[in-house]
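Undergrad: Residue numbers (this note's numbering), protein chains in the order written: chain P, 1 to 343; chain W, 1 to 343.
A portion of the hints provided could be inaccurate.
As the list claims (entries may be wrong) - In silico contact screen, one side only, chain W against chain P (beta carbon under 10 Å); selected entries:
#1 Glu-52
#2 Leu-85
#3 Ala-122
#4 Gly-127
#5 Ile-195
#6 Ile-198
Read the hints as simulated data drawn from the structure, not as lab findings. In this text the structure is predicted, and so the values were computed from the model without any measurement. Ideal placement from N, C-alpha and C gives every residue a C-beta, glycine not left out.
2 protein chains.
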Amino acid sequence: MGDADVRVLSLKNPPSAVGFAAAVGQKEYEGPLGSEFDLHDETGTFGMDTWEKSESEMQRLALNLALSRGKCDPASLEAVFAGDLMNQCTSSAYGLLGFGKPYFGLYGACSTFAEASMLASAMISAGYFQKAAAVSSSHFCSAERQFRFPLEYGGQRAPTAQWTATAAGALILCKEGKGPYITEVMPGVIVDKGINDINNMGAAMAPAAIDSLCTYFTETGKKPDDFDLILTGDLGLEGHAITLTLMKNQGFDMTRVYNDCGLLLYGKESQDVHCGGSGCGCSASVICGHILKGMASGKWKNVLYLATGALMSPNSLKQGAAIPGIAHLVHFSMDRSGENSDA
Amino acid sequence: MGDADVRVLSLKNPPSAVGFAAAVGQKEYEGPLGSEFDLHDETGTFGMDTWEKSESEMQRLALNLALSRGKCDPASLEAVFAGDLMNQCTSSAYGLLGFGKPYFGLYGACSTFAEASMLASAMISAGYFQKAAAVSSSHFCSAERQFRFPLEYGGQRAPTAQWTATAAGALILCKEGKGPYITEVMPGVIVDKGINDINNMGAAMAPAAIDSLCTYFTETGKKPDDFDLILTGDLGLEGHAITLTLMKNQGFDMTRVYNDCGLLLYGKESQDVHCGGSGCGCSASVICGHILKGMASGKWKNVLYLATGALMSPNSLKQGAAIPGIAHLVHFSMDRSGENSDA
Numbered sequence: 001m002g003d004a005d006v007r008v009l010s011l012k013n014p015p016s017a018v019g020f021a022a023a024v025g026q027k028e029y030e031g032p033l034g035s036e037f038d039l040h041d042e043t044g045t046f047g048m049d050t051w052e053k054s055e056s057e058m059q060r061l062a063l064n065l066a067l068s069r070g071k072c073d074p075a076s077l078e079a080v081f082a083g084d085l086m087n088q089c090t091s092s093a094y095g096l097l098g099f100g101k102p103y104f105g106l107y108g109a110c111s112t113f114a115e116a117s118m119l120a121s122a123m124i125s126a127g128y129f130q131k132a133a134a135v136s137s138s139h140f141c142s143a144e145r146q147f148r149f150p151l152e153y154g155g156q157r158a159p160t161a162q163w164t165a166t167a168a169g170a171l172i173l174c175k176e177g178k179g180p181y182i183t184e185v186m187p188g189v190i191v192d193k194g195i196n197d198i199n200n201m202g203a204a205m206a207p208a209a210i211d212s213l214c215t216y217f218t219e220t221g222k223k224p225d226d227f228d229l230i231l232t233g234d235l236g237l238e239g240h241a242i243t244l245t246l247m248k249n250q251g252f253d254m255t256r257v258y259n260d261c262g263l264l265l266y267g268k269e270s271q272d273v274h275c276g277g278s279g280c281g282c283s284a285s286v287i288c289g290h291i292l293k294g295m296a297s298g299k300w301k302n303v304l305y306l307a308t309g310a311l312m313s314p315n316s317l318k319q320g321a322a323i324p325g326i327a328h329l330v331h332f333s334m335d336r337s338g339e340n341s342d343a
Numbered sequence: 001m002g003d004a005d006v007r008v009l010s011l012k013n014p015p016s017a018v019g020f021a022a023a024v025g026q027k028e029y030e031g032p033l034g035s036e037f038d039l040h041d042e043t044g045t046f047g048m049d050t051w052e053k054s055e056s057e058m059q060r061l062a063l064n065l066a067l068s069r070g071k072c073d074p075a076s077l078e079a080v081f082a083g084d085l086m087n088q089c090t091s092s093a094y095g096l097l098g099f100g101k102p103y104f105g106l107y108g109a110c111s112t113f114a115e116a117s118m119l120a121s122a123m124i125s126a127g128y129f130q131k132a133a134a135v136s137s138s139h140f141c142s143a144e145r146q147f148r149f150p151l152e153y154g155g156q157r158a159p160t161a162q163w164t165a166t167a168a169g170a171l172i173l174c175k176e177g178k179g180p181y182i183t184e185v186m187p188g189v190i191v192d193k194g195i196n197d198i199n200n201m202g203a204a205m206a207p208a209a210i211d212s213l214c215t216y217f218t219e220t221g222k223k224p225d226d227f228d229l230i231l232t233g234d235l236g237l238e239g240h241a242i243t244l245t246l247m248k249n250q251g252f253d254m255t256r257v258y259n260d261c262g263l264l265l266y267g268k269e270s271q272d273v274h275c276g277g278s279g280c281g282c283s284a285s286v287i288c289g290h291i292l293k294g295m296a297s298g299k300w301k302n303v304l305y306l307a308t309g310a311l312m313s314p315n316s317l318k319q320g321a322a323i324p325g326i327a328h329l330v331h332f333s334m335d336r337s338g339e340n341s342d343a
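Just chain P, same shape as in the assembly (with noise of 0.2 Å):
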């Protein structure tokens, strides 16, 4: 730690998931994790009137239950670090409003629920908060009015496209606790390689995850076999072909551990939804709702989770600059005394 050629920044006393806890629209609940997310609401509108506030109400939900399902006192609760994909950051701002909690607002695109968990970990293990969580969403319907077209348009979708998912994880960190554990956790640098195509973000992101995964093998000297699942957040079908064999060019092969947050979401045949889903609210709910409860019931030991985040705006890309990407790295592993005790 403290060394400006390290990257990698391994947690002392690493912090433990306590609670954790995934709420979904139809589209969701319909595809092939459906039956592990906490809470769906048929409608999509989770009971508001603009697709905002369902947003909002979206993520409340989420915050709710996690803190229920790990029994914790919303009492307890010391920060929370959130961020969403809406201009200024509302679905998190308004929807957490009602805990009257220190708030951190993040925004890394589809990457915001890693960084929020990279932080409130790396706090946690200084000793700055026993309990903080970390929470972020996305909903179609807000997602398309705002990068897109509102939905009533019916403007049609290019094969590269991703699907934002309408979803929502929120993740309760605490200095104590039985797994799974953030062990390590590494922000990303803003790689941009000059992609340009709105329809293709997972081409886009995918520099940007290949950047962080060979620096995180290189610093650790761990290989991909080490782990029984590496995560990306949500590169869809063409960014995880593209990491998958570039990665396999550095030296890196992937193949039997690799998968991505995109593509587990949505039914590969069933459901239409092009490259995978995407958003801010796709990796929060497949981790919150599927992975750390797999590892909390023995189905894996160590998973590695990389969120990419697309740092454009529609207006950049009218302006004729290109995509830039992200992506942060957190280490989840239900081995707390393996690496990093406390020394």
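Given the coordinates of chain P, assemble chain W onto it according to the supplied hints.
TA: For chain W alone, coordinates are given in the frame of chain P:
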């Protein structure tokens, strides 16, 4: 630390500001602090062909200047915490892209610079980084286009409106240095008192400032007069008056020491900015261009900086929501050993 009832985070071995710089537009250069800013561009374009690119370039210049003012090798910088007002925080993403550093994207509206300083200093104090930067910006022309009307429209401004500053500030924090030090930080909670007048942001944000100030004074037992200066981010004329009055009612008389970055930046009589400055770059430039320089030269020893942010969006207001505010607190002190030695 780590107590759910305690919100103030005391930083062990407080990190030092080692480099700081501000880049501003012509109006800010013509204001009372003009001569203290490190760079200005009389056209406001900073050589770019869109206002959004100008803002990015201004951020890039500010960070470069802060590195050079602090005689810091750019290679020694281990992380950047940054954000801005533009949708998807693109001023920061594109402006800081070229530095190739681990990047934490933040959104706290006008409180972003305090949020960045808070997280950067806490992460350094914990030993994760030796050197990290906090950066933020705003640009009058990009903000008008996004939040209100494009300049060409010539819309009239309300008397309680504030003027979005064309300014960027960058602060390099380091494990070691001669000060000013960040000795304490306190993340704010989101406060919503039902105010929904977009032309009176000072009134909307004042309750958050009052909440954070009262919490800080109550927890630490300190009094306003223990500080040479208490500085809110940009509450402007309205918010400053509300805060002063309501704090007095709470038993904290700040008359002698209280000022506001939004009031310091522009000439009250000579410059037509109605209620004062605002925007992420307002307090960032006042802190980096004026306050830290004054502290380093012995003018002030203890400054309590409290940046306020309004967490609404144009969209959320159209949908009938009020304006939630937040106020993050950063305590700058020339006395490192006073309170937080490594026990």
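Undergrad: With reference to the structure, classify each hint as holding or not holding.
TA: Status of the hints after comparison with the structure:
At its closest, the beta carbon of W:Glu-52 sits 6 Å from a beta carbon of chain P; the interface hint therefore holds under the 10 Å criterion. The interface hint given for W:Leu-85 holds, since its Cβ lies 8 Å from the closest Cβ of chain P, which is under the 10 Å cut-off. Hint status for W:Ala-122: holds, given a least beta-carbon distance of 6 Å to chain P, under 10 Å. With 10 Å as the threshold, the beta carbon of W:Gly-127 comes within range of chain P, its nearest partner Cβ sitting at about 5 Å, so the hint holds.
Of the supplied interface hints, the one on W:Ile-195 is violated, with its beta-carbon coming no nearer than about 14 Å to a beta-carbon of chain P, more than 10 Å. Because the beta carbon of W:Ile-198 sits about 12 Å from the nearest beta carbon in chain P, more than 10 Å, this interface hint is broken.
Taken one by one, the earlier hints fail for this structure at numbers 5, 6, listed in ascending order.
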